[in-house]
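Visitor: One letter stands for each residue in the lines below.
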Amino acid sequence: MSNLNPITKILCILAVNIVITFGVNVMMELVMLASVSALFWANGKWKKSIRYILIFLFLLFGDKCILPLISAAWLSTLSCLVFIAFRKFFFCIMAADFFISTTEINVMIASMEKLKIPEAIIIPLAVLVRFFPTVKEEWNHIRAAMRMRNIGTGVGQILLHPIETMEYIIVPLLFSTVKIGEELAAAALARGLGMKKRRTNLCRVSFKAADCFVMICSVTVVILSKLYGGY
Amino acid sequence: METIRLRNVSFQYMGENRINGIRNVNLSVREGECVLLAGVSGCGKSTILRVINGLAPYFYEGNITGEIELMGKRVNEIPFAEISQICGSVFQNPRSQFFYMNTSSEIAFGCENQGIPTKEIKLRVEESIKQFQLEELQNRNIMQLSGGEKQKIAFASIYAGRPDIYVLDEPSANLDFDAIMDIKRILKKLKEQGKTIIIAEHRLYYLMDIADRVCYVKDGNIAKEYTIDQFKQLSVQELRKRGLRSLDYRTLYEEMCANGQMDERTKKEKKTNSSNRVKHIYMKEVSCEYKGTAEAALMIKECILPMHEKIAVIGHNGAGKSTFMNGLCGMNKSVKGIYYKGSEILSEKRRCKESFEVFQEVNHQLFTSSVAEEVSLGSTKKSDEERKELMGMLELTNYADTHPMALSGGQKQRVAIASALYSGRRMICLDEPTSGLDYHQMERVAELIEKIQPELDLLLVITHDLEFILKTCSYIVHIEKGKVLEQYSLDEEGKEKLFRFFDYEK
Chain A
57 MSNLNPITKI LCILAVNIVI TFGVNVMMEL VMLASVSALF WANGKWKKSI RYILIFLFLL
117 FGDKCILPLI SAAWLSTLSC LVFIAFRKFF FCIMAADFFI STTEINVMIA SMEKLKIPEA
177 IIIPLAVLVR FFPTVKEEWN HIRAAMRMRN IGTGVGQILL HPIETMEYII VPLLFSTVKI
237 GEELAAAALA RGLGMKKRRT NLCRVSFKAA DCFVMICSVT VVILSKLYGG Y
Chain B
2 METIRLRNVS FQYMGENRIN GIRNVNLSVR EGECVLLAGV SGCGKSTILR VINGLAPYFY
62 EGNITGEIEL MGKRVNEIPF AEISQICGSV FQNPRSQFFY MNTSSEIAFG CENQGIPTKE
122 IKLRVEESIK QFQLEELQNR NIMQLSGGEK QKIAFASIYA GRPDIYVLDE PSANLDFDAI
182 MDIKRILKKL KEQGKTIIIA EHRLYYLMDI ADRVCYVKDG NIAKEYTIDQ FKQLSVQELR
242 KRGLRSLDYR TLYEEMCANG QMDERTKKEK KTNSSNRVKH IYMKEVSCEY KGTAEAALMI
302 KECILPMHEK IAVIGHNGAG KSTFMNGLCG MNKSVKGIYY KGSEILSEKR RCKESFEVFQ
362 EVNHQLFTSS VAEEVSLGST KKSDEERKEL MGMLELTNYA DTHPMALSGG QKQRVAIASA
422 LYSGRRMICL DEPTSGLDYH QMERVAELIE KIQPELDLLL VITHDLEFIL KTCSYIVHIE
482 KGKVLEQYSL DEEGKEKLFR FFDYEK
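As given, the protein sequences belong to chains A and B, one line each in that order.
Residues in the first sequence are numbered from 57 upward in steps of one, following this note's numbering.
Residues in the second sequence are numbered from 2 upward in steps of one, following this note's numbering.
Keep in mind that the hints were calculated from the coordinates and are not lab data.
This one's a predicted model, so the numbers in the text were calculated from it and none came from an experiment.
Note that CB positions come from ideal geometry on N, CA and C, so glycine has one too.
Careful, some of the hints might be misleading.
Simulated crosslink set (BS3-like; lysine-lysine; CA at most 27 angstroms straight-line) [to be verified]:
| id | chain 1 | residue 1 | chain 2 | residue 2 |
| --- | --- | --- | --- | --- |
| 1 | A | K101 | A | K264 |
| 2 | A | K103 | B | K219 |
| 3 | B | K233 | B | K123 |
| 4 | B | K285 | B | K498 |
| 5 | A | K192 | B | K350 |
| 6 | A | K104 | B | K292 |
| 7 | A | K253 | B | K123 |
| 8 | A | K235 | A | K103 |
| 9 | A | K170 | B | K484 |
| 10 | A | K253 | B | K74 |
| 11 | B | K233 | B | K350 |
| 12 | B | K292 | A | K103 |
| 13 | B | K189 | B | K233 |
| 14 | B | K219 | A | K235 |
Here are some chain A residues the structure puts well away from chain B; computed CB gaps all over 12 angstroms [said to hold, decoys possible]:
| id | residue |
| --- | --- |
| 15 | V82 |
| 16 | M83 |
| 17 | S93 |
| 18 | K144 |
| 19 | T159 |
| 20 | K172 |
| 21 | A176 |
| 22 | N206 |
| 23 | L216 |
| 24 | A265 |
| 25 | S274 |
Next up, chain B with everything else stripped away, as it sits in the complex (with noise of 0.2 angstroms):
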């Protein structure tokens, strides 16, 4: 049986989003089937979910032509508050996504909405608990949920709803690892219920075993079909040119062997930096612990950071990664320890003064009205040609007049980096700077990381994105609860050792 049919619907938003419409797109998917859309950011993947779960027209205006069957009815024929009961949806960002603050409540919210009586609804909540193994995360306050968590308790919601469709925006978008990993469980449980299942995603590779068809969109339409195995089939170059991430981090490895091509160019920098004076931020007995909880958050007896490489921060979920990092910036009075550059002191004041973080959210850290009065706020340096100098190296030279809150997040991200490098910081640490994004946009950060690297003595990434740390960094730390567990240089061996730890099948 069909449960979602889609015949020449367009879509056109009201306003000035002009461009992220859908036009003639055809879909139909079967009963139990996983359909997952692929294609740059923009391209339309989100809108074609928009118009099956009614949200476009009936809460993001719009124009809208074509027809739209759901579990064979016409969706215009029902009512929008009851697609909810056909159609669960799960969204991108785990912060925005929930109701209430208790999540035994928030797993109820869609039933009690459905007007179920009380019973049943208690019998729906206790199920989806046991389905999805959240006994621990009962009568939680969701506030204090990691992103992950939180994205399984959307899922227990939708669930407890039983709807037949679940319509998916990027779930993985803002989650690490481990919990895409649960999300990719949650997915299959559902697929072996024989849920129908729509998904949109940039991160691919956790679907391969469980999507049925890829529809690849472009420029808002259905460009190409492909089944998984001839999806399968695509050679990396084939999927890059398209703007896709790889499908599996094998392919990546297998990529790695037939090119040297990445170790020369590290050989290449190290003899560059073998000229600088000061090679090594030193730390001594940094410690980090919080009232209440039973483990140090971070205890690390000493750690040799060098500078001049771009360092990749990996590690579990609450490995303790970003605690590492803000007691290097300076922003966590709670982490206790001595940090050399040479044989200078960094006080907490000077590391705080000489050190910039790029949050994953960048939007809290654009403060005003232009781009070029962005750049030099919070500086005491008056000079305008260098600031234009530095705004043409990121390329915002055409934006100074903008408001930075009108910028795409990639050059979001560049402005907050012009404002770090204006004012004279020389440590530079970026969390998570390339979740979401696709092929295209993730190799201009890569790019990005490559130009601003000689301006810098320490650049520090925290990813877990193996594709983007093979394209651009020179040197891994790896961190597991609170302590630093290796750390290499990405020459053979440290990439053989990087493989082993993104080995999500051991």
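Isolated chain A, as found in the complex (with noise of 0.2 angstroms):
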């Protein structure tokens, strides 16, 4: 199972994204998660699902026993934020991690262009999923320097200057992945990218049991979460 056609992934996360907008109770949250872990966990990734499945535990444990005990009004609006509102983005993130992190820019480029997606839309996506690791690559380093300058790096500095810690953040990030941003695309082009000639790939793809399994097993939980799901 562990190389999955691209567009197969694109569906988990379309079906993750359904059943989330539909609405899920807590039974469902937790098939959704034993799902999205069975494919981190069959990529070989079991660190990262294990990071998450306690994540989710450390939220649904603060939805049931620590919300009830909150009586501050201001501090419930918080904590209903954290433990409830994020509870439900968790799993968009969780699949869209899925995908960034298992799948190759060429297999991507190769599987959307079996199925004929024009290229104008083909390119721009692959360029969003490359620059993924970049930005990652690039926070390492300034979170590096934010702790030299003693700024924005504990939990009490975020929580109490939150705009001026985005600021922090977001300046430098933004300056270094525009000029990489630009480099990379002079880069793509002065090697050919976006000929009108055919592009050949290299990258065979196809469609295997495994990709068959995990779309059944998506449409079933999607449709599992209309019948049982809902409140």
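Relying on the hints, combine the two individually framed chains into one complex.
Guide: Dropping the structure here:
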């Protein structure tokens, strides 16, 4: 199951999003957690899946056990935001992370070309996916620099001055990624990306049994959530 | 046969970037020739290359006039995307010129774009790998490669596309000594195969037995053309007047022997320093091990760093120089060890608070919207006077309200250092502060080092720049394989040792 077709993965993301939009109960959330974790697991990313499971359990614990104890209005609003609202987005993030961390760009381009999706959609999407690791790399450097300057590191700082902290992160991140983006575009163009001729793609993609299995599962989860998952 | 011909070519960038254009450039390059474009930063070298590979005006918008011919064909008759079949380009930043994440796919990228049949691409990729000896880098994640390795992949990728002309824009700018030697081998191979090479560079020494001709570019124009033999005749002084780096470390050696000026300076400094009480940072049992790697990244029994010196940290690629520096600055939690300043123990927290690193990519450490704000950020001090004084010293007074990102690279460095000094940090480490700089810019960094040194206890510079070391540093720490191999004062004897390290032809 380790080499899923990117199209299958995109369908997974879609399924997760549909389920979330319909609204889910805790039972359904656990089913989704188990399915997406299984996908991570099958790709050898078990560390990541454990991390996600722990985060989810913490959020669930906060919702069921901490929230009822809080009486101050502002704090309960804030906690609701973290424990309930964020928990809904949590699955979208998890599914997207699965896609990005397990998909190679050439495989993605190949599978989309096979479906005859026009280049005008494929190339920007490929550039987008190409950009995530770069942003992550830049972010690591910037975080080191922030720690050195003693700014925006502790949780206290982030809670007390959220806007300032965001500014400190975003200014350097924006400038360095814009610069890299420009250089990347120049390099890709100079190497003939976007030529009128039909591109070759070394990568062969196909739909395998695993793809069918995951797709059927996705559809099943969507249907289940429609039937039993609602409030 | 002429492969490149520029006739009265002028290019003016659209928008704010008015200075860096070119005007009335005439250049003709024969097949198999290697032409080096030399000149200070912003002189228009890169623009000439962009005009040749078509990025100007296709990507960098602007007004172009004059005639450009590639392989006898006029450029405006070739669709832009097809220029890539004639001209292969390698750029200076290794981090931003690969598209895929896998090395082998990346080498095939250009061929895929050209629509070459799969079988043929596979053959070409294999050949590229063989030609440039990249067997060990096959099928690896590019993100995990060093800058030099990435740059080799970039060359292999261009090579697989079989262009006739190689357009190279400072391919060595971000590389260290060993990686530059690898690039040199690649260029030699290309030349043997009769490819035309046009290259813009600041580091000139590695091209002296590859280039056939040197064009000195000044203010957007080719001011003078030299044959390589004529160019080699230029004295160090003549080169420096033009803002160019030295051609050969041996000339620096001769220069050093000719005047003992440097030594007097170091001696003088020694004298003033002797009055200070605490003289050393003492490190004991410093080690760093990463999980999953057999060898420790750092393994130092003990090391004494003299204070009030200008210390250059040298060593080959991957020797542990950065880990050494990060550990000292309390920035790497994996580095364990005991650090003393006199008899005081410097905890990791304290080292982190009292030290400052200036990154090679200084953009990562500027956070605010004005220079004045930037200098006081992260400091509890609120003394306007002191800030003004500091900014005056670092020539930043006129830029107090400017956005740091609008400054030049050297000014950004100074802003970062100003913020460190303002928050009272007395240990400053710089990582490769002179990579990709011309002679004048390098000289200014050296001046900066001179200027801030009296304010500091410890000044450490990781560098591969011999010219820079000779100009300003007074002490050498040589690190290899995670250990301190040698450390010495840069006196007569020390310089002999230093030259032996930089003797790239040994």
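Visitor: Could you run down the list of hints and mark each one as holding or not?
Guide: How the hints compare with the structure:
no.	hint	verdict
1	A/K101 with A/K264	holds (21 angstroms)
2	A/K103 with B/K219	violated (56 angstroms)
3	B/K233 with B/K123	violated (42 angstroms)
4	B/K285 with B/K498	holds (25 angstroms)
5	A/K192 with B/K350	holds (26 angstroms)
6	A/K104 with B/K292	holds (18 angstroms)
7	A/K253 with B/K123	holds (19 angstroms)
8	A/K235 with A/K103	violated (33 angstroms)
9	A/K170 with B/K484	violated (53 angstroms)
10	A/K253 with B/K74	holds (20 angstroms)
11	B/K233 with B/K350	violated (51 angstroms)
12	B/K292 with A/K103	holds (15 angstroms)
13	B/K189 with B/K233	holds (19 angstroms)
14	B/K219 with A/K235	holds (26 angstroms)
15	V82	holds (37 angstroms)
16	M83	holds (38 angstroms)
17	S93	holds (24 angstroms)
18	K144	holds (31 angstroms)
19	T159	violated (10 angstroms)
20	K172	holds (17 angstroms)
21	A176	holds (15 angstroms)
22	N206	violated (5 angstroms)
23	L216	holds (15 angstroms)
24	A265	holds (25 angstroms)
25	S274	holds (26 angstroms)
Of the numbered hints given earlier, the model fails hints 2, 3, 8, 9, 11, 19, 22; all others are met.
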